[in-house]
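Chemist: Heads up: the sequence lines are chains A and B, in that order.
Quick note: the first sequence uses this note's numbering, first residue 1, plus one each step.
Quick note: the second sequence uses this note's numbering, first residue 385, plus one each step.
These aren't lab readings, by the way, just hints derived from the structure by calculation.
Wrong hints could be hidden among the right ones.
[Unchecked claim] To give an idea of the interface, some chain B residues facing chain A are shown, with a C-beta separation under 8 Å as derived from the structure:
id, residue
1, Thr673
2, Ala713
3, Asn714
4, Asp716
5, Thr729
6, Val731
7, Ser791
8, Gly795
We put the beta carbon where it would ideally sit given N, CA and C, even for glycine.
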Amino acid sequence: MVDQMNPAALEAPPTPRQMRKARAQLKFLDGTASQSQLIRRRYKSNPMAMFGLYLLCLIYFTAIFAGFLAPHSASSTSADHAYQPPQAVHFTLEDGFFIHPTESSTDIETLQRVFVEDPDVKIPLTFFATGDEYQLLGFIPADVHFFGTVDPDQRLYLLGADRAGADLLSLILYGGQISLSLGLIGVAVSLVLGIVIGGISGYFGGLTDTIIQRVIEFIMSIPTLPLWLGLAAAIPPRWGITETYFAITMILSLLGWTGMARVIRGRVLQSRGEDYILAAKLDGASHGRIILRHMMPSFVSHIIASMSLAVPAMILAETSLSFLGLGLRAPAISWGVLLQDSQNLQVVANAPWLLMPALAVVLTVIAFNFVGDGLRDAADPYGK
Amino acid sequence: MTSTPGLSRRSFVQLGAGMIAGVALVTLAGCTFDAPAGTAGAAGTKTSLKEAPMLTKLVKEGKLPELAKRLPAKPAVAASFGGTALYGGTLKRGQLDAGDRGVMQAFATASFVEWDEDNRKPVPSLAEKFESNDDMSEFTMTLRSGLKWSDGEPYTADDVLFVMQNWLGNKTMMPSAPYWFSSADKSVPQAEKVSDTVIKISFTSPTPLWPKYLSNPSVGGQFVKPLHYLRQFHPDFTDQGTVDAQAKAAGFDSWDKYFADRDNTWTNPDVPVMGAYRVITSASSASGTADLERNPYYYKTDADGRQLPFVDRLQVQILAQEALDLRAANGDLDFQAQFLGYNTTQVYLQNAEKNGFHVDRWTPAGSLLSLCPNLSHKDPEIRELFSKKEFRGALSQAINREAINKSLLGGLGVVMQPVAPKGDEYYSDGIGKNFLEFDADAANSALDELGLTEKDSNGVRLMNSGKPLDFVLLYVDATTEIARTDAYSMVVKDLANVGIKLTLKPADSTLYTQSRTTNDYDIDGTTVPQTKFDLEPVWYVPTGGNSHSAPAFGQWYASAGESGEQPSADVQKLLDSWDALRTATSDDARVKAGKAIMKQHSDECYMIGILALPFVPVVINNDLLNVRDDKPELAFVLGRERVTKPEQLAFATGE
């Protein structure tokens, strides 16, 4: 009878993906799933964390492919479009996407920039438009842009223009390249140094611990301002602003790992006397395995929390050393620089669209925090 | 533009308040001061007062001598830029840095001589007469008799002698006198007291510029110091041990630093002054606000013999740039020109009408953004290149100034080269026009003719030695006027078109100054003042190591050949003209030498001008009267806001 037939027999045989899923499911049920599988499952079950992850991927995607996504190159400006407000994109079936050109003039009485749109002329827009040249991924020469004007000499300002007539959307996309990389490398370096040195110090104790701790105290006692002043004078003048900033963040992170090392040392000291560590030692586990495998899980949530807080702090601190000539400044482009430039009354009152980079920073910070929060929860898959 | 209503709510309220205040005052006056009965209306009574009501009250209480005893026998009469005025009120201002003494220079300077109304020549001020001998090497000054310090002590020739001998002549405080204090051979002038009010000051060489230097408030103000107060801090008058001990107790390394601190009228409320205002609370206090009050012994009156100043008090807040801009836009600053950003003018204008102020447009001085190639460059090959007129001209012609103007100033800016402008005494017809037009082809062919034809793979021209034309532009970034990085970025693109690579290096001001004084830079990016260049010659003539165009040559000149490097023939010609100017024995000879310097700059294009502001905004409360409206120049050497003689400013409503 058709009714009594096994329904499974009617379905297609299971795909490899379904089989993998089923096997994994089985592992969770019989308790043989590995730690990383547990962490992954726990992480995936957190919708906010997943959202943060997707958002972060999207943000990094736009930064990596900034040249392709941006309508213009970061250095191209147009004197006629300084403080051009965001342009509205029109669409009709016969013309496709288009914008109207604007004519700017400055009112001598009010000093206001007046932009007059010419509704009779249409500047056609297209996907995969040819425009300014750029280097995709830093080495592939290209001139195709995701969206732009058909005529490469025309200008498109979806988010408006800055005071020199550069396209803000392009600036934000290019700015992400620096904001999302340089500072974060510094954070990563000090994290790695902190874990390794702090771990060694706490794990071995004794003379090693004493020496490392005295070195840490010495480094912590170096006054930072004279150090920065010295660096400002020592850095060769032909170094560009981004190189300078990168060198400074590296030097700062070479000095900034001490706080993290202290915390790690304390946690390692604390768990060193626990029975499970003794058991691992008796089993003949190596020092590295004991530190990374047996001790690390107990304080990984702390590391993740402090790192996810350090990242946004780094983005916002990009410009903080500018007064010494060490931080990021124009003509370098980063979100911090764009925000710094928009912090004046003229922009807030008359060009509010220039505050848009703040939105990029907020989104990034939120994404990092969601991811960090999810990772922290997932790092302890047996917790509630 | 919307039409102005006949009487806005705000002005109605102000008018009402003013009338109430006026009535209250008159009532008060009637009760306490025996005001002559039966005078015309309120204003009539008040505008006939000869001194401020707050001082009359002190006189009645016996705390202050009467007006006639406070004023000198012949008071100085201040130029007036308006009509009758009332006494009273507090004028509010802001500034960025607590240590900045601009307010004192603008509002509270007293000096022997000061600029006349047209800001062209010095006229006597504290001095009643200021005369020179025929070759301008000896000056005889007659002080007004009866001048008094703000604490009532007499101001006499002894105070002048004190400055000339114990301050200027003191080797600890003045190890080497700057050129504006000294003769051509660097010796300090000698002073001789002829009588209690007459002083003779003699230089070893003609010094035609000295009266002009004295008229600059920041220089002239330094020559007025109270002997009776400062003697306790000076080892010539007080035992050295006591002086050192005082300095130590106050936390200073040496007595001269403590002396300078006590002598600072902006930070030390105790020091007596001769200017219109004295500080009551200094800005370094916790509140971040400086309060200044009128000097009851001020030596100036208006044409009717009414003692100045009209405004009772000044209040100066220390603010960040954004806060200062906001306060100006809100109408919270009564009279402000310095520190306002040109780029915020639009916001001031938008808020002016509803917040009861107006925005005047004064003439900028020193806003011309320029490039100064280092003529004394360390690298001999670059020095030789920079010393060629054709090369500097090519740099200049390669710059598309109109595009920068259109982009950054909406086309309102002024494109010019740094030379004296029309109207200045050193201007001559036809200067300042060289290499000003954008002409990339001409620039390219000029560079080709210089033999810079080889190019590297990036299209950058190579020098004979094979090094690329790759220069670093050193500057301090600023955005309140012409946004420098934006402007220079456009110059970078323009120069790249003719095969010259320029790298921008925005630096903090310490590093910037240090690089310049150690001759360690390629091209300096700065703004250049244009009028009255003789008061700050260092821009046009390398007179010291702080020169923008040739620090090593300047060092040589300042040290008389002991350090630095011997100037090139070109620069030596400038220095010779400068020596002729500063030791000229007649005005004609002086102006001729100055014109020669300007002509040489115009011909040789040592500095490459880019763009200057069309005006500087000045925010003025609608209630504030007597601000001159003829677009004066806002210049440091004129004391900035001092050009409108702030002692005669007054509020329409008085109190």
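Chemist: Checking each numbered hint in turn, tell me which of them this model violates, lowest number first.
Modeler: Hints 1, 3, 4 not satisfied by this model.
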